[in-house]
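Asker: Sequence:
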Amino acid sequence: MVFPLNAAGAGLALETIFPAAQAGAEKNATYECGVESVGEAHVQFQSQYYLYCVIFLIFDVEAIFLVPFAVAFTGLPVGAFILHPGFPPAAD
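Just so you know, we're using my numbering here: the sequence shown kicks off at 1130 and counts up by one.
Just so you know, not all the hints are guaranteed correct.
To be verified - Label pairs and their calculated CB-CB ranges: (1) F1174 / G1140: 41 to 47 Å; (2) P1133 / E1165: 43 to 49 Å; (3) Q1175 / A1150: 40 to 46 Å; (4) G1153 / I1193: 32 to 38 Å; (5) E1165 / V1200: 40 to 46 Å; (6) Y1178 / F1202: 33 to 39 Å.
Since the hints were derived computationally from the structure, they do not count as laboratory data.
Even glycine gets a Cβ: it sits at the ideal position worked out from N, Cα and C.
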């Protein structure tokens, strides 16, 4: 119980000794690089782009799971899942 209070007290003491820099016009600007922005920053995208993104994510995640599965089971004959009712095979 004492440690959190000591840490909070130390933080307050350091804040009074080393105050944060005051925000000015440059600090409150949208971009701090010094270049003034021109026009509206809001750009409206078409909804089809979101559909492309969702489809890409679905197939990307599917590939993440299917590629290791395919690599692990390359030695199985065609139809191994149907012919062998004891699937998965027992570990040796």
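Asker: Confirm or reject each hint.
Answerer: Evaluated hints:
| no. | hint | result |
| --- | --- | --- |
| 1 | F1174 / G1140: 41 to 47 Å | holds (43 Å) |
| 2 | P1133 / E1165: 43 to 49 Å | holds (45 Å) |
| 3 | Q1175 / A1150: 40 to 46 Å | holds (42 Å) |
| 4 | G1153 / I1193: 32 to 38 Å | violated (47 Å) |
| 5 | E1165 / V1200: 40 to 46 Å | violated (54 Å) |
| 6 | Y1178 / F1202: 33 to 39 Å | holds (36 Å) |
In the structure shown, a violation is registered for the earlier hints numbered 4 and 5, in ascending order.
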